[in-house]
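**Student:** Top to bottom, those sequences are chains A and B. Residues in the first sequence are numbered from 1 upward in steps of one, following the numbering used here. Residues in the second sequence are numbered from 1001 upward in steps of one, following the numbering used here.
Everything labelled a hint here was simulated from the structure, so no lab data went into it. There's no promise every hint is true.
Stated by the list, open to error - On the chain A side, residues computed to face chain B include the following (Cβ under 10 Å):
1. Ile167
2. Ala168
3. Leu179
4. Ala180
5. Ala184
6. Ala486
None of the values given here were measured: they were computed from a predicted structure. Note that the Cβ used here is the ideal one computed from N, Cα and C, for glycine as well.
Here is how the chains run, residue by residue.
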Amino acid sequence: MGGFLALTILGLVTGAGYAVAAGGLVLTYSTSRVFNVAHGAIGMVMAFLYWELSVNQGLPVWLTLLLVVGVVAPVLGAVVERIMMRQLADAPVGATLVVTVGLLVMLIGVAQAIWPSTARTVPPFFAGSDLKLGGAVVSVHDLITIAAAIVAAAALYGLLTFTRVGIAMRAAVDNRGLLALYGARTSMLSAMSWGIGAALAALAGILLTPVVGLSYHDLTLLVMSAYAAAVAGRLLSLPWTFVGALLLGLSQSYAVGYLPTTGALSGLRAAIPALFLFAALLLAPQAQLRVGQIRGIRGVPVPGLLRALGFGALAIGAAAVAAYALPGTTSDRLSLGFIYGIVMLSLVPLTGYGGYVSLAQLTFVGVGAITVARLGTASPLALLAAAGAAALVGALVALPALRLQGLYLALSTLAFGLLMDKLVFQASFAFGFNGSLAVPRILGLDAQSHYLILTAVAFVGVGLGVLALRRSRYGRYLIAMRDSPAGCATLGLNLRWTRVRIFALSAGIAGFAGGLFGGLRQTVAATDFQLFNSLPLLLLAVVAGVTSVTGSLLGGMLLMLLPVLASEVPAVGGLAFLVIGVASVGLGRDPNGLASRLFALGRWRPPSSFPSVRLGRASRGEAAS
Amino acid sequence: MKRRQPILELIDVHAAYGRIEVLHGVDLAVPVGEVVALLGPNGAGKTTLLKVASGQMKATRGHVHIGGSHVNEVSADAMARAGLCTIPEGRSVFPNLTVTENLRLASYAGAPAERILQIAFERFPRLRQRAGQLAGSLSGGEQQMLAMARALSTEPAVLLVDELSMGLAPLIVQELYDIIAALAATGVSILVVEQFADAALAVAHRAAVLVHGRVVAYGKPDDVADELSTLYLGGAA
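Pulled out of the complex, with its shape left as it was, chain B reads as follows (with noise of 0.2 Å):
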């Protein structure tokens, strides 16, 4: 396999909340079309690490490349617009708009409406169905397709996901890990962070486990495995 450079690198990054660290140095690659899974325990700074990559949060030292530039300093929306798309833990999406205002506000990644909206209601007709709805109202699993139907129509480069799976039944979790494996399919780069490992590491090419601020174990899903296991059923956590 060729090696190339990695679409997104953080290099001995240290973040803080004011004076309490919470990275103490990672180094995390995701290398182009590539899925890489995010592991590991709650507190590890599992959604600290994505809010660096994404420009939500700045590092307190380290560095972070996209596409082999140096964004440290670089805006979340200023990142967004160039390619990155960043689906935050929990709900991410405005629930006093209406699902169609919703769509329409993705298109300040650049994209234009009427196109976004062709793609989203396409993908996922239930959408379609509540286009007037306010998105407060939907249940859990359509709320996160909503979410999902940006990342689908938004054309990305980078894809960066927080819990995908939190609160949701299983099927659905299924449903929406194999958009991201439709994604990837078609070149997107993508981190997923997961608290809960098995769907992650089923679409995922690496995986990375994160514990106190560090990232103890990094490579193919299968050698992990053994990291995970003494990780979640035992053993110094």
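Just chain A, same shape as in the assembly (with noise of 0.2 Å):
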């Protein structure tokens, strides 16, 4: 009893930490329409600077507390939206992910660099000072948690019903340019929104420290508990959003203490936040199809078939003399590009073409590699399996994701990677518990420059094929899909189908990938697969242009040189993440990312497209009747 008791306790402690975190994230959800994929990791750098100001330099608790949370947090939250979400507002949800996990990639590259990976630890509130309850000991900091908890609730919601500030920031999700008109500041009511966004952020960073420990990613991903309680609200209604984090808190102590501890369903605890979100974004009614919205989304120009084929001749040549003029080492090295080349191409028709963001697309990759190593031959039909395979499990995530959209479909893929890493890699018919596979050569190519002349024609031929599908109707279905669902649904077409499609083949370019990337390796483990690597690899493809094949073969090549940058030149590597970040920035303007510089640049003039040479003509009144 007393057992049940103290677990009682202990949810409703990590409960009320995420009600603390999902608060600051519904907050500025709901006045910005960002939804800030970043806010883990805002709470984890302010912990992090917590340990260093109270615990390295001894200053004071409760004036470390009034710096990091009164002060450096909506500092930071204030900046944050002037530099980076300010040009947002109106952007499709796809760029507004994205350039939050720029945000996220940056902000662990930036703690990491500051606080180099040794142990820490920060001591809870008022350490010692215990009481009993019942047989249960209470200790203050637990108080303090969930005390913080009720008080953060109670002024957001009387922030936001009753002030007119709060009121305010509502209206400016209805209708910015309305509110102005009646007379708001409304860039100061945004950076306002965020600064106590990140308030909260580092005060359930801070809270939660003592439970989860001071961990760049422990704490960046206990966002994902945030988030599930933040959908259970449906990102607007804080009292649920409360609710649903009190339980998701009771529902993992309950599982802590009685689920086993060895097992199938071992890894089943680490998952139930993955698992909460699943049904969370399953059971909440969704929105409706929006009419009329018009994603200024301009693609770059489609090559034809011969200037396609000429530039992937050029490819697999210079693939073919670097594979024999270069030492194995970098053969290796521009193998590993052009897989996560190819990689990035499935997203072309996933991201680029469709709209839709997959934030697990590493997860597919894994599949691939699994598959592959399963089967134990080198044979190219294995890749054919790891494709198929893949494309399985890519249609098993769409399906019950089919009513969902946006934003809650990019988070079920979230969902689901954490799901895969903590669950499903684990078992044995995967890569066991912290094990790993052999994967044979394929082909049986075991010299490293012949590896790197099949990986350039994989990755060529896949491209190929994207650009064909591009060309092809089912292209038109997508990018018509993507500028209005409600158009499409109006001539007839079926979404669901056409979206589960488009999951299955992106799925299966990755696992095809992971089929090559498996034998690269020759040995994989499901830390090569973790969900976080997904993040730069999306943020990655969409920096280099997630709507080109080149802009794929820049990002997979830059993604290779990434950590490679990293280890050999440190101060570089830490840069390199900045640099990302702020590119990622630069997505609110050019969604057609680095590539499209490219195409630019081997222009004599700009690209002229139909109407700005009609009416450029028209503006000197020329053609003006």
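Relying on the hints, combine the two individually framed chains into one complex.
**Tutor:** Here it is in structure tokens:
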């Protein structure tokens, strides 16, 4: 009985921490329509800062709290809003997600650079002064956490319901331009909401650190629980968010106490936030199709077949020269770059053409690698099997997510990635618990140079396929669906099946790349495919240009170079993350990424699409009648 | 009649969306305490002109003066606090806020919220009945009343209204224009943008006709009637 009570208290405390974090998330989302994937990362950095000031520098706890939660976090939030989010007010969901993913990657990079990984502990508030409560021990820290959650929830509710500033924050979501016409300083309002959101993230991070420990990834992923709670409140309702957070905390705590610690279900405990998020996503009522939403993404030009073949031959030729001229380790790196390039190609139809964001693309790569490893054959047919298996999994992900749109769909891929990480990849039919698998070299190509040529050919083949897809009827469906789902529905397109097919196709390409990846590494483990690595992948894909094959190659090579840079020139490595973060900010302006800059370089004059030519003349008064 | 300086004046205003220029040198004046109707066909640039006048869009060339001050660089929210009330095209309310919350926000323009609520509910008893309802669930006419309630209760010096009649029943349009006339009688200077001329011309002191981004006629309502009939009944449009 005492055990149950203790678990309940622990659950309530964790839930209260989640509630604080989720409240901040809901506030920023409902006042800016930007879902802040980096919410947890802000909490993480602030928890580290708290450690630095209070433990390392020895400042008093109250002063540190005041500084971190009251000053640094709000300023950080306001600055982030100012330089990253402001241009995104009307951007499509995909762009806003990617920019916040960029912020997440950047913050982790910054934290790792400032506080290199060593063991750090943060003492709870008033350590040592515990209370007895019916056989269970409650620390003062626990009580403070619960009290903080209640106060934060009540204060947020009051702010948004009763104050003019709060009402204006909600009004800004409905119609920002109109709010300015009312006389409100809209930019100050959103800076405020981001400031408060960041402060709550910081508070949650600090409160939960004694429970989860001071870790870059755990604290950042903590946000998954906050997501789940926030989605339970449909990202709008604070009371439901609060209830969701407590339920989640409790179920996690009971799972720790009562689920078996060995066997198939052992991974379940860690997967609870993801399961909870899935359930909340599927059960929460969905928004209607939005009508008349014009997303002004103008894709890059699609090259003709001859041109594409020419560039393909050029790429393979360059790879062949490199294969014989450069040492084996360089060949391996370039192979990896091509393989990453194929993974990014898998994002081109999905994200570039279709406008859907997958936050767990590496998971499909893992499925492909496992398939090839389990088949144990070097035949190229194994690659097709890998693609097939991954495509099946992709379709399975898309099926329950059929009703979901935009943001919710992206979040469900995140939950899926975490589930695979914690449950499936750890199972005996996959890698086994902390295990690894041997993968045969595809085609038995043992020479590093030969493998490089193989990956180059594979990349060019998949690239040509993606371009053919874009030129086909199905490619036009995708573009049309991205631009106006409602319009497509009225034309009689089956949105759901088109979406399942595109997810399956994208996962299949990623699985294909997974087979090649396994063959390159020859030994693969679950850590190669963990969710966290999917985020920089998505980020670089989009920064380099997720609408074009060229962008994929560029992104693949950049992703391969990043860790190389980080290990060989540590100073530049940390900086690279910063550069990517900054680059992702530019996305608000040009969703076609770096690749479109490259295309522009190749031309004598700026791209002249039909309307700008015509209207350029009209403005000089020649064509006006 | 004594000649006074106009309260709102546009001098050779050009405006563009990207490379597409929409206004090619517009001159327009709204004298103090008068109602000016801005008429013209679809795509003439009426809404753009209103956006430039209210600070939502910057003129690429030319000058905007309000109350004698040069306001090209002044932001829309600062103009609103200075006494310019703009009611943009469509339903200019916040659909996910209640009627009361919508009205409370009007206090950003300077007047106290209690007074705004009092005036609004007195003039539109319908809104009082619906005070706790989401504005998005109101009928089109009620939403436009809510928007006009802001103009009535915040006591602006200048009122800019875009397409007041859009999608509304004639009776309601008449009621809304009665309010415009009443506001004008209290000394508010008003610019109404309309595609359908009759209701606007009935209350206007002056009218301007905008075609292809240029003012082609300006004067007493009767004087522009000819221009309008060629415009709406055929001829070179």
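**Student:** For each hint, tell me whether it holds in the structure or not.
**Tutor:** Structure-based check of all given hints:
1. Ile167: Where the cut-off is 10 Å and the nearest Cβ of chain B is about 5 Å from isoleucine 167 of chain A, the hint holds.
2. Ala168: 6 Å, holds
3. Leu179: 7 Å, holds
4. Ala180: 4 Å, holds
5. Ala184: Holds, because the Cβ-Cβ distance from alanine 184 of chain A to chain B comes to roughly 5 Å (cut-off 10 Å).
6. Ala486: 18 Å, violated
Checked against the numbered hints above, the structure breaks only hint 6 and satisfies the rest.
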